[in-house]
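Required output: the full structure, derived from the provided sequences and hints.
Protein chains: 2
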Amino acid sequence: MRIETAQREQLQQWEKELEQQYQRICQHNLSLDITRGKPSADQLHLSDSLDGILNGDYRAPDGTDTRNYGGMEGIAAARELGADILQVPFEEVLAGGNSSLTMMYHAVLTGYLFGFAGNTPWKDLRAPKFLCPVPGYDRHFSICEQLGIAMETVPMTATGPDMDAVEEMLRADDQIIGMWCVPKFSNPTGVTYSSDTVDRLAQLGKFANPGFRIFWDNAYAIHDLDQQVKLPNIRDAALSNETADSVLQFASTSKVTHAGAGVAFVSASPDNLASIKKQMSAMTIGPDKVNQLRHARLFPELTQLKEHMHKHAEILRPKFACVLEHLDKNFTDSDLGEWESPEGGYFVSFNTRPGCASEVIRLSAEAGVKLTPAGATFPYGKDPEDTNIRIAPSFPPLEELDTAMSVFVLCVKLASVRKQLQSL
Amino acid sequence: MRIETAQREQLQQWEKELEQQYQRICQHNLSLDITRGKPSADQLHLSDSLDGILNGDYRAPDGTDTRNYGGMEGIAAARELGADILQVPFEEVLAGGNSSLTMMYHAVLTGYLFGFAGNTPWKDLRAPKFLCPVPGYDRHFSICEQLGIAMETVPMTATGPDMDAVEEMLRADDQIIGMWCVPKFSNPTGVTYSSDTVDRLAQLGKFANPGFRIFWDNAYAIHDLDQQVKLPNIRDAALSNETADSVLQFASTSKVTHAGAGVAFVSASPDNLASIKKQMSAMTIGPDKVNQLRHARLFPELTQLKEHMHKHAEILRPKFACVLEHLDKNFTDSDLGEWESPEGGYFVSFNTRPGCASEVIRLSAEAGVKLTPAGATFPYGKDPEDTNIRIAPSFPPLEELDTAMSVFVLCVKLASVRKQLQSL
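Order-wise, the sequence lines are chains B and W.
In terms of my numbering, the first sequence is residues 4 to 427.
In terms of my numbering, the second sequence is residues 4 to 427.
Since the hints were derived computationally from the structure, they do not count as laboratory data.
It should be emphasised that the depicted structure is a prediction, and the values quoted were computed from it without experimental measurement.
Please note that the accuracy of each hint is not assured.
Chain copies aren't distinguished; within one or between two, either way the pair holds.
[Stated by the list, open to error] Here are the simulated DSS-like cross-link-like pairs (lysine-lysine), alpha carbons at most 30 Å apart as the crow flies: (1) Lys-281 to Lys-373; (2) Lys-314 to Lys-373; (3) Lys-281 to Lys-332; (4) Lys-126 to Lys-280; (5) Lys-126 to Lys-281; (6) Lys-280 to Lys-385; (7) Lys-209 to Lys-132; (8) Lys-132 to Lys-281; (9) Lys-373 to Lys-385; (10) Lys-132 to Lys-280; (11) Lys-281 to Lys-385; (12) Lys-422 to Lys-332; (13) Lys-373 to Lys-280; (14) Lys-314 to Lys-332; (15) Lys-422 to Lys-385; (16) Lys-281 to Lys-209; (17) Lys-233 to Lys-385; (18) Lys-373 to Lys-332; (19) Lys-422 to Lys-373.
Right, dumping it as structure tokens:
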């Protein structure tokens, strides 16, 4: 189906046929949900040995009684797990509670209220703002929005954020004090940052505001579908550029073990960690060390962690294949949309023709298929071109996903044809 | 031993004898710690069935898969546990992570950055300040200190904070926007607020700044040593005074199950909860529901919870008895110090003669007995009279506590005698 070159009669014919198909589907009273990157029950089940894994022995390898108070940094065994995931030294890792999002929130708070490593608190700047590669992760944007930190967008490319734009913006504006990055299997585009991108990011600290921090949300660090995709190590790159303070790294076991009951990690330079710990010291006596110990027991070495992630990949692979098959079959050699084929992560990002995304989402919802709200992948929920839709294939069973995708592609076609007819 | 009426020769004689005893003790190379209110290993052991209690069934009673993301309010079964502890309706309770301190921090943050229930954010006030009954809990004060909220002290009495002073201060200063309270077995004095105190606190909202909030940290709600001590219900009192918005309540299972791996609760009016949830929504996808379910399984009804607390009391009772025995034996009919005999909670608060507390703590430390740092029970760590020492008997085994208390009473005597000699 090519819309731009189609005659009005052809478009009208298509609209009629698609409309009929759509009406039929609406009668099925579907209730499907492909909105969020939630693991499926099958995936969660992989970690069900966590409860009971301690077998009455609550002592960490270093002798810590994990049941009691204290130990703000997390137990060493858990910090080592985080170090394995992020490929950084264990001394630069703190192991926390069940949410890396919460850690990022607190890190933004630290910068905003107190400043990192002796720099001016962001709230005292004239117009503090974050760079946001788009499309991106809505929950990152919500943190900035809540704290009143302005956001400027920069386009994502197939190798990461558009670095020419990023550098230009940072050189022109010393009020830019943060940047969100999901560097591997980016949410939602699935892109992994190239070596050149990582290196240029690591150099930003040379000319940015000294309080500038890259929020490196490595949520999908070990979430490869097939072969392992290599993300260059940002810490190494920063160290060789003498910009170690400009990076804060985050990861978690949320999409490794139980999504809501995992362990989160932050890794940073000693000066940044000192700032983070200072903020934490008023807020907590320490994280849930018992749950950290459970995770350390489940993954005593990197080997077990990798084997575990292979099992996730086996469950996820057919789901991604299903989504891509629908897209390939319907939209290859069409002008109805564009997408990338991710090699890991949790999303497929689809760009409709301009001005169609919200209508696709509305039509799908009416047919019983819930998609991430239009605009969610942009700051303030505003997709300027109204094109981006994030598809999250992980949660529903394969058959349901298959049905949902049939509805989706139909809605893309219907919305596109109607839009084109209106514009003639 | 009565110091004020003693002659110089008598004091010198005492000093000599005490000095000799002290030197002997110092040679024992003790290493004892009665600084913090940590449960002992025996107490922690009472809840060791938590790990494995789910027996592979991760579904909450309402069908929620606790393993996955979501459910910011906590699972209903956990909220019911919080409601039981605080004696409030379950709809007004949120169940969170492992720390009520963290919940309090976030609640202060909500008031400070965003304001509760539509009121002015505290940061935008001229000189926002909290009332702090003293002696009090150091971690409360640290939250205010970190956020730059000023603190004004008000003395604790045997029935709670000096309410005449509290009312006068609130009437005189509309910049008072918060007050810390540990209403039952107060940290550290052990006092439980009287009915009159609770009622007068509930009336503060009638004339205080509309953004004023009482932080009701009911940390020891069910931590009675013998008979149950009744704390009047602040929610009921507030409702009947139409000041429901003026109270935020907190509790946790930290000193019920595993201190570092429990479940925390906040309870508040619908408008306050809306403010809290709005702040949380940018910070978290939800608490660790798996651990919440473990707690709900351990305590299906209030009965099991009460039985469990009886077991704690059995372990704690001899420890409190030991502390009080040392104090009674050495200081009854003396002018060396004053203390209360708490009926629950985690502390015994001891007041030395003016200007002696820090020296007692220093002497004890040198003899190998670690006490809470001098001044810790006052804002900014400054005890104006240098009298208050918080004794935490729960953690060490009974024999160690006994030894530590022998050292403590000796140091009180030695410091007091020396101080008196200097002043002659």
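Cross-check of the supplied hints:
1. Taking identical chains as interchangeable, the C-alpha atoms of Lys-281 and Lys-373 lie at most 30 Å apart only when they sit on different chains, with a minimum of 23 Å there against 42 Å within one chain.
2. For a Cα distance limit of 30 Å, the shortest separation of Lys-314 from Lys-373 inside one copy, 27 Å, qualifies, whereas the shortest one across copies, 50 Å, does not.
3. Taking the shortest Cα distances, Lys-281 and Lys-332 never come within 30 Å of each other, neither inside one copy (54 Å) nor across copies (43 Å).
4. In this assembly of identical chains, the alpha carbons of Lys-126 and Lys-280 lie at most 30 Å apart whether taken from the same copy (20 Å) or from different copies (23 Å).
5. For a Cα distance limit of 30 Å, the shortest separation of Lys-126 from Lys-281 qualifies both inside one copy, at 18 Å, and across copies, at 20 Å.
6. Taking the shortest Cα distances, Lys-280 and Lys-385 sit within 30 Å of each other only across copies (23 Å), while inside one copy they are farther apart (35 Å).
7. For the identical chains of this complex, Lys-209 and Lys-132 are intra-copy neighbours only, at 18 Å inside a copy versus 41 Å across copies, given an alpha-carbon limit of 30 Å.
8. Proximity of Lys-132 and Lys-281 under a CA criterion of 30 Å is satisfied in both settings, with 23 Å inside one chain copy and 22 Å between copies.
9. In the homo-oligomer, the alpha carbons of Lys-373 and Lys-385 lie at most 30 Å apart inside one protomer (19 Å), although the nearest pairing across protomers, at 57 Å, exceeds that limit.
10. For a Cα distance limit of 30 Å, the shortest separation of Lys-132 from Lys-280 qualifies both inside one copy, at 24 Å, and across copies, at 25 Å.
11. Proximity of Lys-281 and Lys-385 under a CA criterion of 30 Å is satisfied inter-copy only: 20 Å between copies versus 36 Å inside one chain copy.
12. In this assembly of identical chains, Lys-422 and Lys-332 lie within 30 Å of each other by CA distance solely inside one copy; the values are 22 Å within and 90 Å between copies.
13. Only between protomers do Lys-373 and Lys-280 lie at most 30 Å apart by alpha-carbon distance; the minimum there is 24 Å, versus 40 Å within a single protomer.
14. In this assembly of identical chains, the alpha carbons of Lys-314 and Lys-332 lie at most 30 Å apart only when taken from the same copy (28 Å versus 66 Å across copies).
15. For the identical chains of this complex, Lys-422 and Lys-385 are intra-copy neighbours only, at 19 Å inside a copy versus 70 Å across copies, given an alpha-carbon limit of 30 Å.
16. Taking the shortest Cα distances, Lys-281 and Lys-209 sit within 30 Å of each other inside one copy (26 Å), while across copies they are farther apart (37 Å).
17. Proximity of Lys-233 and Lys-385 under a CA criterion of 30 Å is satisfied in neither setting, with 32 Å inside one chain copy and 54 Å between copies.
18. For the homomeric pair Lys-373 and Lys-332, the shortest alpha-carbon distance inside one copy (22 Å) is at most 30 Å, but the shortest distance between copies (72 Å) is not.
19. Proximity of Lys-422 to Lys-373 under the C-alpha cut-off of 30 Å is restricted to the intra-copy arrangement: shortest distance 21 Å within a copy versus 75 Å between copies.
Consistency with the previously given hints fails for numbers 3, 17, ordered from lowest to highest.
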